[in-house]
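Participant: One-letter residues, chain by chain:
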Amino acid sequence: MAGDSTARYTTHEHDVLVIGAGGAGLRAAIEASAGGASVGLVCKSLLGKAHTVMAEGGVAAALANVDQRDGWQVHFADTMRGGQYVNQWRMAQLHAQEAPDRVRELEAWGAVFDRTKDGRILQRNFGGHRYPRLAHVGDRTGLEMIRTLQDHGVHRGIDVHMEVTVVRLLLDGGRVAGALAYDRERGRFRLFRAKAIVLATGGIGRAYEITSNSWEYTGDGHTLAYDAGAELIDMEYVQFHPTGMVWPPSVRGILVTEGVRGEGGVLRNSAGKRFMFDDIPDNYRPQTASDPEEGWRYTQGDKSARRPPELLTRDHVARCIMREIKAGRGSPHGGVFLDISWIKQKLGSAREHIKKKLPSMYHQFKELAGIDITAEPMEVGPTTHYVMGGVRVDSDSQMSTVPGLFAAGEVAAGLHGANRLGGNSLSDLLVFGKRAGEYAARWAKEHSAGSVAAGEVDAAITRMLAPIERAAHGGENPFAIQHDLQKEMQALVGIVRNQAEMDRMVDRLASYRQRAAKVVAPGNREYNPGWHSALDLHCLLTVSEAIARSAAARRESRGGHFREDFPDKDAKFGKLTTMVKKGPDGSMQLSHVPVPQWPAEMQKIMDENTK
Amino acid sequence: MIAAKFNVWRGDTGGGAFTTYTTQIGEGMVVLDAVHQIQAESAPDLAVRWNCKAGKCGSCSAEINGKPRLMCMTRCEDLPLDQPVTVQPLKAFKPIKDLVTDVSWNFAVKKKIKPFKPRPPDHQDGTWSMQQEDIDRVQEFRKCIECFLCQDVCHVLRDHAKHDEFIGPRFFVHTAALEMHPLDTEDRLSELQKTQGIGYCNITKCCTVVCPEHITITDNAIIPLKERVVDRFYDPLKKLWRKLLGKS
Ligand SMILES: Cc1cc2nc3c(=O)[nH]c(=O)nc-3n(C[C@H](O)[C@H](O)[C@H](O)COP(=O)(O)OP(=O)(O)OC[C@H]3O[C@@H](n4cnc5c(N)ncnc54)[C@H](O)[C@@H]3O)c2cc1C
Ligand code: SF4
Ligand code: SF4
Ligand code: FES
Numbered sequence: 002m003a004g005d006s007t008a009r010y011t012t013h014e015h016d017v018l019v020i021g022a023g024g025a026g027l028r029a030a031i032e033a034s035a036g037g038a039s040v041g042l043v044c045k046s047l048l049g050k051a052h053t054v055m056a057e058g059g060v061a062a063a064l065a066n067v068d069q070r071d072g073w074q075v076h077f078a079d080t081m082r083g084g085q086y087v088n089q090w091r092m093a094q095l096h097a098q099e100a101p102d103r104v105r106e107l108e109a110w111g112a113v114f115d116r117t118k119d120g121r122i123l124q125r126n127f128g129g130h131r132y133p134r135l136a137h138v139g140d141r142t143g144l145e146m147i148r149t150l151q152d153h154g155v156h157r158g159i160d161v162h163m164e165v166t167v168v169r170l171l172l173d174g175g176r177v178a179g180a181l182a183y184d185r186e187r188g189r190f191r192l193f194r195a196k197a198i199v200l201a202t203g204g205i206g207r208a209y210e211i212t213s214n215s216w217e218y219t220g221d222g223h224t225l226a227y228d229a230g231a232e233l234i235d236m237e238y239v240q241f242h243p244t245g246m247v248w249p250p251s252v253r254g255i256l257v258t259e260g261v262r263g264e265g266g267v268l269r270n271s272a273g274k275r276f277m278f279d280d281i282p283d284n285y286r287p288q289t290a291s292d293p294e295e296g297w298r299y300t301q302g303d304k305s306a307r308r309p310p311e312l313l314t315r316d317h318v319a320r321c322i323m324r325e326i327k328a329g330r331g332s333p334h335g336g337v338f339l340d341i342s343w344i345k346q347k348l349g350s351a352r353e354h355i356k357k358k359l360p361s362m363y364h365q366f367k368e369l370a371g372i373d374i375t376a377e378p379m380e381v382g383p384t385t386h387y388v389m390g391g392v393r394v395d396s397d398s399q400m401s402t403v404p405g406l407f408a409a410g411e412v413a414a415g416l417h418g419a420n421r422l423g424g425n426s427l428s429d430l431l432v433f434g435k436r437a438g439e440y441a442a443r444w445a446k447e448h449s450a451g452s453v454a455a456g457e458v459d460a461a462i463t464r465m466l467a468p469i470e471r472a473a474h475g476g477e478n479p480f481a482i483q484h485d486l487q488k489e490m491q492a493l494v495g496i497v498r499n500q501a502e503m504d505r506m507v508d509r510l511a512s513y514r515q516r517a518a519k520v521v522a523p524g525n526r527e528y529n530p531g532w533h534s535a536l537d538l539h540c541l542l543t544v545s546e547a548i549a550r551s552a553a554a555r556r557e558s559r560g561g562h563f564r565e566d567f568p569d570k571d572a573k574f575g576k577l578t579t580m581v582k583k584g585p586d587g588s589m590q591l592s593h594v595p596v597p598q599w600p601a602e603m604q605k606i607m608d609e610n611t612k
Numbered sequence: 005m006i007a008a009k010f011n012v013w014r015g016d017t018g019g020g021a022f023t024t025y026t027t028q029i030g031e032g033m034v035v036l037d038a039v040h041q042i043q044a045e046s047a048p049d050l051a052v053r054w055n056c057k058a059g060k061c062g063s064c065s066a067e068i069n070g071k072p073r074l075m076c077m078t079r080c081e082d083l084p085l086d087q088p089v090t091v092q093p094l095k096a097f098k099p100i101k102d103l104v105t106d107v108s109w110n111f112a113v114k115k116k117i118k119p120f121k122p123r124p125p126d127h128q129d130g131t132w133s134m135q136q137e138d139i140d141r142v143q144e145f146r147k148c149i150e151c152f153l154c155q156d157v158c159h160v161l162r163d164h165a166k167h168d169e170f171i172g173p174r175f176f177v178h179t180a181a182l183e184m185h186p187l188d189t190e191d192r193l194s195e196l197q198k199t200q201g202i203g204y205c206n207i208t209k210c211c212t213v214v215c216p217e218h219i220t221i222t223d224n225a226i227i228p229l230k231e232r233v234v235d236r237f238y239d240p241l242k243k244l245w246r247k248l249l250g251k252s
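Protein chains in written order, with this note's numbering: chain A, 2 to 612; chain B, 5 to 252.
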């Protein structure tokens with residue numbers, strides 16, 4: 002608490018500060034610590050509760066345990082095609098090459114993946130992946146991953162600060178020097194001084210009404226980076242997962258893993274028709290089953306069969322579902338039907354098989370919706386799931402354009418291009434979490450600590466306390482602002498977009514900012530969710546603006562970004578990445594930068610593997 | 005929609021009391037939804053932990069009508085809504101505020117349990133072979149979402165507060181997952197008996213009953229661990245045998 006007599010905050014010092022304790026943050030912390038750095042790890046929830054815990058289907062890595070034809074080249078080509086070729090190719094390459102080692106390493110740290118008959122790590126089918134590629138544990142792969150990393154990490158001397166929220170990064174002459182945070186429990190402020198900082202804060206789903214994401218996903222890391230002067234790219238690409246629960250209303254948005262379709266689940270409309278066969282994009286046609294029978298054989302491991310259309314990429318499946326609903330062929334509660342129970346026609350032991358392969362889906366529907374998925378279909382519809390956009394980083398080191406500031410996992414951009422393939426996030430966390438930790442430790446070794454301006458810290462604390470202090474006079478309710486914003490983002494910058502609506506959203510943000518300036522949080526500083534939500538608003542508004550502006554500027558449809566006024570791809574935009582950055586006057590500035598072009602040998606790999 | 009009453013414990017380290025709130029309950033709503041609705045309508049500073057809202061993260065543990073449960077997996081329509089629903093924090097841990105308790109003890113306990121130590125890899129590429137049937141049991145234990153409901157219900161912690169001498173069912177499950185891991189080579193039996201208090205467990209099975217992951221904590225984890233401890237420390241023949249072999 003060096004020299005501050007007002008005792009407004011305590012000070013902590015680390016070589017490397019990792020913000021976020023999901024897969025990316027934990028993996029970064031482990032690596033930075035292995036690199037000899039003293040490491041602090043902060044997270045908003047308790048350890049082990051980050052979003053990663055919810056991941057279900059699996060982690061993608063070309064281990065080739067189930068199909069020997071797989072290899073990093075195929076995984077690379079699948080990722081680029083799924084991303085509609087606007088990915089940072091170098092990230093896609095490193096990811097495909099390094100994911101197998103990162104998965105095997107988890108086994109050495111105690112993870113227990115499901116096994117093949119010959120005792121190796123079992124892999125399952127998933128959308129957009131040519132071969133069975135997802136290492137998994139039933140449908141709780143994220144839990145296995147986070148617990149393994151957490152249990153391994155706590156024995157490595159990492160200082161964990163749980164239930165602490167970072168609100169601002171502090172700079173020294175343009176490079177990162179620290180972070181200001183508050184602890185949720187007591188509402189006390191903490192100053193973290195660090196030579197390098199790794200952002201691993203996850204996504205932005207709470208900017209939307211219907212989402213599979215938790216309260217944590219308010220785009221904090223995106224905003225911390227943006228406010229510190231870093232560049233955000235690809236923010237128009239938001240992934241709407243095709244299958245979220247739609248009923249009962251209170252669980253709307255909760256995810257139904259793609260693993261259901263990987264195990265043979267099919268999508269049907271109210272007429273009982275398997276509508277996914279109606280629209281198969283040309284570039285996927287050669288790899289898609291020509292009839293239901295071939296699709297079924299594929300899900301059962303027949304190597305001569307091609308995959309069913311339910312396993313096309315998420316953006317496409319989500320749009321087909323929207324089409325059915327809009328055309329009046331939806332299910333009673335505004336979704337479509339996802340049926341896994343039909344496999345009893347094929348397997349004698351279907352009931353046990355489903356419960357073994359998809360145990361948490363079975364329980365989720367049984368307990369939350371009163372539906373037995375082994376006997377009847379589920380109702381599903383699209384839900385906001387993942388953001389492809391985020392902090393622009395160097396592909397090898399994961400450093401942002403702010404010196405000393407790194408980003409990994411969902412908060413970083415580039416690997417997934419316009420659409421992420423299922424399973425490619427968990428592998429992303431491992432590959433780039435490790436890289437970020439390694440390079441951050443190296444950076445910390447090569448640089449001394451920067452200094453932090455006490456006046457800046459003081460002013461920020463005063464601003465943060467304002468919602469509590471003005472509460473007596475009355476003002477805006479943070480939950481109401483958040484709710485209204487979510488509704489409007491869903492309506493105006495949702496799954497199907499057009500110019501007028503997106504422009505309107507950009508305009509509307511000004512009025513939300515005015516409301517946010519009047520937000521109040523009655524009560525005291527101790528564990529006060531109203532206050533926490535009030536402080537989150539700045540982040541939600543920043544990412545909403547970044548999404549709306551980036552989307553409005555891309556006059557084409559690509560991956561997760563679909564426009565009814567420009568329904569097709571435009572080759573010109575296919576060469577451009579959207580970038581936003583805070584301008585000198587504090588306003589958001591947008592520009593388009595070229596998508597990095599790949600060398601000829603990478604083109605060759607793609608040509609050979611996307612036939 | 006029907007109006008329902010909720011008696012929610014409001015307070016902090018210094019004590020507290022129940023406050024009654026009335027809120028509208030719609031189809032399919034869970035207790036966590038009701039708590040959030042109360043928060044948004046009339047008590048913005050009502051403290052509650054949650055993340056996934058789908059029984060996957062183990063954050064939202066509380067006592068609902070006196071029973072330790074996950075708020076996100078407890079449907080309101082399964083409760084008698086003609087009477088007020090009581091919602092209070094876990095009793096085995098100190099309150100922080102409202103429904104949030106200080107569970108940090110659990111993290112400290114886990115840190116003291118010896119970590120996974122695998123045998124050398126079976127294959128050149130650094131990997132191992134394991135058969136599915138050899139890992140089924142360990143996978144059952146690894147389903148644990150660390151909700152600490154079992155810790156809350158166990159009388160050794162709840163009523164006797166033996167937090168210093170007893171690690172609780174959650175960490176017996178954790179230890180069992182390590183001990184029964186086909187690759188693990190570490191030995192954790194001595195501390196189980198000496199400092200982790202497995203002897204305090206008198207197999208009431210209350211922990212198994214509350215586990216939302218349906219882990220058969222007592223039968224599959226605790227009893228086999230107890231047997232191993234007994235074999236090692238109390239079986240006189242085995243003890244003698246080990247002495248002769250020069251193992252402690
Ligand atoms: C239901 C569901 C299922 C999924 N299934 C799969 C799957 O099968 N395969 C797959 O590859 N992907 C899946 N995903 C996606 C994947 O789980 C996530 O993208 C990934 O886990 C994100 O990991 P992360 O490490 O980047 O962030 P997270 O795991 O979300 O962690 C973020 C961390 O940052 C912390 N944090 C955030 N803001 C702050 C702040 N201001 N101050 C301090 N700490 C902060 C949080 O507390 C948290 O610890 C799924 C996602 C969901 C929601
Ligand atoms: S069985 Fe043992 S551990 Fe479980 S609640 Fe009873 S005494 Fe506690
Ligand atoms: S064993 Fe069951 S009750 Fe205990 S912490 Fe784990 S999931 Fe919760
Ligand atoms: S919120 Fe995750 S278990 Fe209830």
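Derived by calculation from the structure, the hints in this document are not laboratory data. Beta carbons are placed, not taken as given, at the ideal position from N, Cα and C, and that holds for glycine. A couple of the hints might just be wrong.
Stated by the list, open to error - Taking beta-carbon pairs under 8 Å as the criterion, some of the chain B residues facing chain A (in silico):
#1 30
#2 37
#3 59
#4 122
Claimed, not checked - Restraint ranges, calculated between C-beta atoms of paired labels, are given here:
#5 125/B with 508/A: 54 to 62 Å
#6 116/B with 518/A: 42 to 50 Å
#7 335/A with 28/B: 34 to 42 Å
#8 166/B with 518/A: 31 to 39 Å
Participant: Each hint needs a verdict: does it hold in this structure or not?
Facilitator: These are the hints, each one checked on the structure:
no. : hint                         : result
1   : 30                           : holds, 6 Å
2   : 37                           : holds, 5 Å
3   : 59                           : holds, 7 Å
4   : 122                          : holds, 6 Å
5   : 125/B with 508/A: 54 to 62 Å : holds, 60 Å
6   : 116/B with 518/A: 42 to 50 Å : holds, 48 Å
7   : 335/A with 28/B: 34 to 42 Å  : violated, 21 Å
8   : 166/B with 518/A: 31 to 39 Å : violated, 52 Å
The structure fails hints 7 and 8 (numbered hints given earlier, in ascending order).
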